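S.K.: Here the protein sequences come in this chain order: A and B.
Here the first sequence stands for residues 185 to 597, where the numbers follow my numbering.
Here the second sequence stands for residues 4 to 44, where the numbers follow my numbering.
Some hints here could point you the wrong way.
Here are the simulated distance ranges between beta carbons [as the list claims (entries may be wrong)]:
1. B/Glu16 <-> A/Tyr539: 47 to 53 Å
2. B/Trp30 <-> A/Val467: 34 to 40 Å
3. B/Ala18 <-> A/Leu258: 43 to 49 Å
4. B/Ala18 <-> A/Asp198: 24 to 30 Å
5. B/Trp30 <-> A/Leu464: 29 to 35 Å
6. A/Trp254 <-> B/Ala18: 48 to 54 Å
7. A/Tyr320 <-> B/Ala25: 23 to 29 Å
8. B/Gly22 <-> A/Pro387: 41 to 47 Å
9. B/Gly11 <-> A/Tyr539: 31 to 37 Å
10. B/Ala18 <-> A/Gly357: 25 to 31 Å
11. A/Leu384 <-> B/Trp30: 38 to 44 Å
12. B/Thr13 <-> A/Val221: 35 to 41 Å
13. B/Gly11 <-> A/Leu338: 30 to 36 Å
Here chain B is said to cover these stretches of chain A; the calculated rule only asks that three of the stretch's residues, wherever they fall, bring their Cβ under 8 Å from a Cβ of chain B [to be verified]:
14. 342 to 351
15. 473 to 479
Read the hints as simulated data drawn from the structure, not as lab findings.
Owing to the predicted nature of the structure, the values given are computational and were not obtained by experimental measurement.
Even glycine gets a Cβ: it sits at the ideal position worked out from N, Cα and C.
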Amino acid sequence: MTKLIGIAKSAPDDWKLTDLGWIFSIAIFFLGASAAVFGRWVEEGGPRRAMFASAVCFSGGFLISALGVWLHQLWIVYLGYGVLGGIGLGLGYISPVSTLIKWFPDRPGMATGMAIMGFGGGAMIASPLSVMLMGYFSSPTHVGVAETFVVLGLVYACFMLVGAAIVRTPPPGWKPEGFVPPATPKKLVTTRDVYVYQALKTPQFWMIWVVLCMNVTAGIGVLGQASAMSQEMFPGRVTAAAAGGFVGLLSIFNMGGRFVWASTSDHIGRKNTYYVFFLLGIVLYSLVPYFGTTGNLTLFIICFLVILSMYGGGFATVPAYLRDMFGTRYVGAINGLLITAWSVAGILGPVLVNYIRQYQIDSGVPKAQAYNVTMYIMAGLLVVGLIANFLIKAVDDRHHMDLETADEVIGVG
Amino acid sequence: MSEDGARGTTALELALAWGFVAIPLLWGIYGTLVNALKLFQ
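Construct all of the structure, not just a fragment, from the sequences and the given hints.
M.R.: Given below as structure tokens:
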């Protein structure tokens, strides 16, 4: 990013890229941890309190990071963006999910698709806005990062607090006009609820965990390396600027896939949607090396656009899958626990792609073919996900909450 | 402001809420698409 605003050389006391990488890793860790730990608090306290806490943590994290940059103390940035920002991300990620599911009992997939699409869309605003702000605040002797952090923190606070102020949950028993719940519920869609920590004792939770982890590992590994991969597989044909455009296009498909695939799952069912992700994914990942070898750039791009749409779709459909399995009452909290699959995939995906590529190059494989084995391994991961999806059956009756338990849990009894 | 959504939403509130979300998002998508065109040049 610094190159975009004209910084060509590093200064002697600059922070190392490897040290900076920890900021993102800490944030992702605290995202998963806070979503898992505070999920029940979010469900039982309502979305407004959670969104307010999220806004305070997230924007506060930016302001503390600005102080860290200003004082040139990296540990303050770790604490600000990493710890506090990560907690804000986790709370903000799960709060809208269960709220929207309650508003759309007839279209839970579309509801979760909208919530998770917002998370993807944010990157499309934050990235150009950050470049613009750094360009505005930079000078020949100053990069302008601290000021950018302050402005971003204040802008996020404004938008998130407005969201927290206007969010509402539907009254008990609310249904959209004209919606009649099916008289005979579908086999894989429960009408009852499973308590958040009871869900951990079901095989269904862990099968969905594997499904999400495999789907995300395959997608996230490719997303992180898309720019380098396209340039190395098509040397001389894909320039750095064109590769940037390719990554942008992937982001749009990643975001759009969240809404489109999750909405589609309302019609074809959650299990079938994941069958499509895995079967189509296996075919497409297996074809990528062929398109690279034959120099077919157009089909290479189409392959990855579809793959990334399914990566986003996998993220967005999973809360609706959880709702089908475990009911609406604790779906946000259970989704919070499931985000640990994302944390694992966030490490596994890039590591697989980077290390296998390096190993291939060190073994004398040309750069253009260094990703071939990785693509086949990704296809293999999707086979594991396919099997896990196949094994998902309806949750056993003994895990469901009875009415008295439900009252005790929400403090009525 | 009540957290219970029993109260209805006016058309103005709806338009403001959609605008609050859609305008920045469309700006981001437009910028990304312009950037993505470099892939086809």
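S.K.: What are the numbers of the hints that this structure violates, sorted from low to high?
M.R.: Of the numbered hints, 4, 6, 9, 15 do not hold.
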